[in-house]
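J.: One letter stands for each residue in the lines below.
2 protein chains.
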Amino acid sequence: MKTGNIPEPTVRRLSLYLRELENLWRADHRTVASRKLAAALKFTATQIRKDLAYFGQFGQRGIGYDVGELITKIRHILGTDRTWNVLLVGAGNLGMALSAYRGFAKKGFKLVAVFDADPSKVGKSIPMQPEIRIQSVDEIPATVKEKDIRLAILAVPGEAAQPLVDTLVQSGIRGLLNFAPVSIDVDAKVAISSVDLAVQLEQLSFQVGSGV
Amino acid sequence: MKTGNIPEPTVRRLSLYLRELENLWRADHRTVASRKLAAALKFTATQIRKDLAYFGQFGQRGIGYDVGELITKIRHILGTDRTWNVLLVGAGNLGMALSAYRGFAKKGFKLVAVFDADPSKVGKSIPMQPEIRIQSVDEIPATVKEKDIRLAILAVPGEAAQPLVDTLVQSGIRGLLNFAPVSIDVDAKVAISSVDLAVQLEQLSFQVGSGV
Numbered sequence: 001m002k003t004g005n006i007p008e009p010t011v012r013r014l015s016l017y018l019r020e021l022e023n024l025w026r027a028d029h030r031t032v033a034s035r036k037l038a039a040a041l042k043f044t045a046t047q048i049r050k051d052l053a054y055f056g057q058f059g060q061r062g063i064g065y066d067v068g069e070l071i072t073k074i075r076h077i078l079g080t081d082r083t084w085n086v087l088l089v090g091a092g093n094l095g096m097a098l099s100a101y102r103g104f105a106k107k108g109f110k111l112v113a114v115f116d117a118d119p120s121k122v123g124k125s126i127p128m129q130p131e132i133r134i135q136s137v138d139e140i141p142a143t144v145k146e147k148d149i150r151l152a153i154l155a156v157p158g159e160a161a162q163p164l165v166d167t168l169v170q171s172g173i174r175g176l177l178n179f180a181p182v183s184i185d186v187d188a189k190v191a192i193s194s195v196d197l198a199v200q201l202e203q204l205s206f207q208v209g210s211g212v
Numbered sequence: 001m002k003t004g005n006i007p008e009p010t011v012r013r014l015s016l017y018l019r020e021l022e023n024l025w026r027a028d029h030r031t032v033a034s035r036k037l038a039a040a041l042k043f044t045a046t047q048i049r050k051d052l053a054y055f056g057q058f059g060q061r062g063i064g065y066d067v068g069e070l071i072t073k074i075r076h077i078l079g080t081d082r083t084w085n086v087l088l089v090g091a092g093n094l095g096m097a098l099s100a101y102r103g104f105a106k107k108g109f110k111l112v113a114v115f116d117a118d119p120s121k122v123g124k125s126i127p128m129q130p131e132i133r134i135q136s137v138d139e140i141p142a143t144v145k146e147k148d149i150r151l152a153i154l155a156v157p158g159e160a161a162q163p164l165v166d167t168l169v170q171s172g173i174r175g176l177l178n179f180a181p182v183s184i185d186v187d188a189k190v191a192i193s194s195v196d197l198a199v200q201l202e203q204l205s206f207q208v209g210s211g212v
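Chains S and A, in that order, give the protein sequences. No gaps in the numbering here: position 108 of the first sequence is 108 in my numbering, and each next residue is one more. No gaps in the numbering here: position 96 of the second sequence is 96 in my numbering, and each next residue is one more.
Hints are computed from structural coordinates only; laboratory data are not their basis. There could be a bad hint or two in this list.
If several chains are the same, the list does not tell them apart, and a pair holds so long as it fits within one copy or across any two.
Quick list of in silico lysine-lysine cross-link-like pairs, DSS-like style, CA-CA up to 30 Å [claimed, not checked]:
#, residue 1, residue 2
1, K189, K42
2, K50, K73
3, K73, K121
Please read all numbers here as calculations on a predicted model, not as lab measurements.
Bound conformation, chain S alone (with noise of 0.2 Å):
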């Protein structure tokens, strides 16, 4: 499938789209107008058939999107129907408790390996997940090609990012999930994508700040 061209907001939208249809499917719904499933979302039935248009013809005149098929086509869209091997880098309180989190896995997100730069950290075993045990970030690059890694997680300090994101795509890694609170530099062809609590969290102050 040609995906170069997919703009970035219809990408995000599919996403949506398949929470929304999740809901629809546990909720007994078999098939759904793309009406009913704008209205759900608030966007338009133009732009849903317009999205979706993109990756072929789906739904039927009359009838409506077949909430099954249409669940089964964005999760191979979006490459959620197989499993990445994933790891983890940043054993601090931050990593251990997403090395916990259940909903990687339910995205097809298997952590395989966890580094730290701690030597004090390395050799031990991680909660959740007794089988892995911490190694040093010396041992990124053997590891990736090894255990034939794509995805990476970090959760270090904002200093120690850049230089580990470096290591990180020279061993192979071609997407990362960012969750140090700092801007990284990757070259175009690293996916990247970030999480920044500490911004979250002084936005909402501000907010609840100014309103009080």
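Could you slot chain A onto chain S? The hints should help.
T.: Same frame as chain S, but now just chain A:
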């Protein structure tokens, strides 16, 4: 201070300025030219001066900004120089991970109560803070008043989120950090900031999959 007219992108940039200033402080820089701050953040010096002008006069021509003073001012503007009592709803896997995350305390978010709808969890203590015991969601209204809580972290399944948000807002909560994978309706006086890990993972999976 009147903050109602500050554009949201300006407030978001304040978070980025603060982080860069904190880095400069740690590297023993005590003054910084707006030009240098701009270069580090890939903004223009004009942008920085314009953003800061919303909050008063900062910096001196030829010397630049006093790093320590500007950190103090921005923390005050963002409200992270005070302590907010925060509650958490959802003592599942993600909720317990978040309860152990030290980054909240660093921004002045003090966890003082945890709630769950599951009776088998009620009464149990949480990791890292054994003095906090999980309460029933029925106790939300009384506890919000008793402990003067303004902010809530929501880490519950999507279908449980909206009714809980309604309860929280009626109880007096004015800001929500939402990790539930669903969009939430609140009236305009309630601030909401959402972290949607599922969507982030799907976007990353799509980008990496289409680039392979």
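J.: Next, verify each hint and record whether it holds.
T.: Here is how each hint holds up against the structure:
no. : hint          : verdict
1   : K189 with K42 : between (33 Å within a copy, 21 Å between copies)
2   : K50 with K73  : within (16 Å within a copy, 47 Å between copies)
3   : K73 with K121 : neither (42 Å within a copy, 38 Å between copies)
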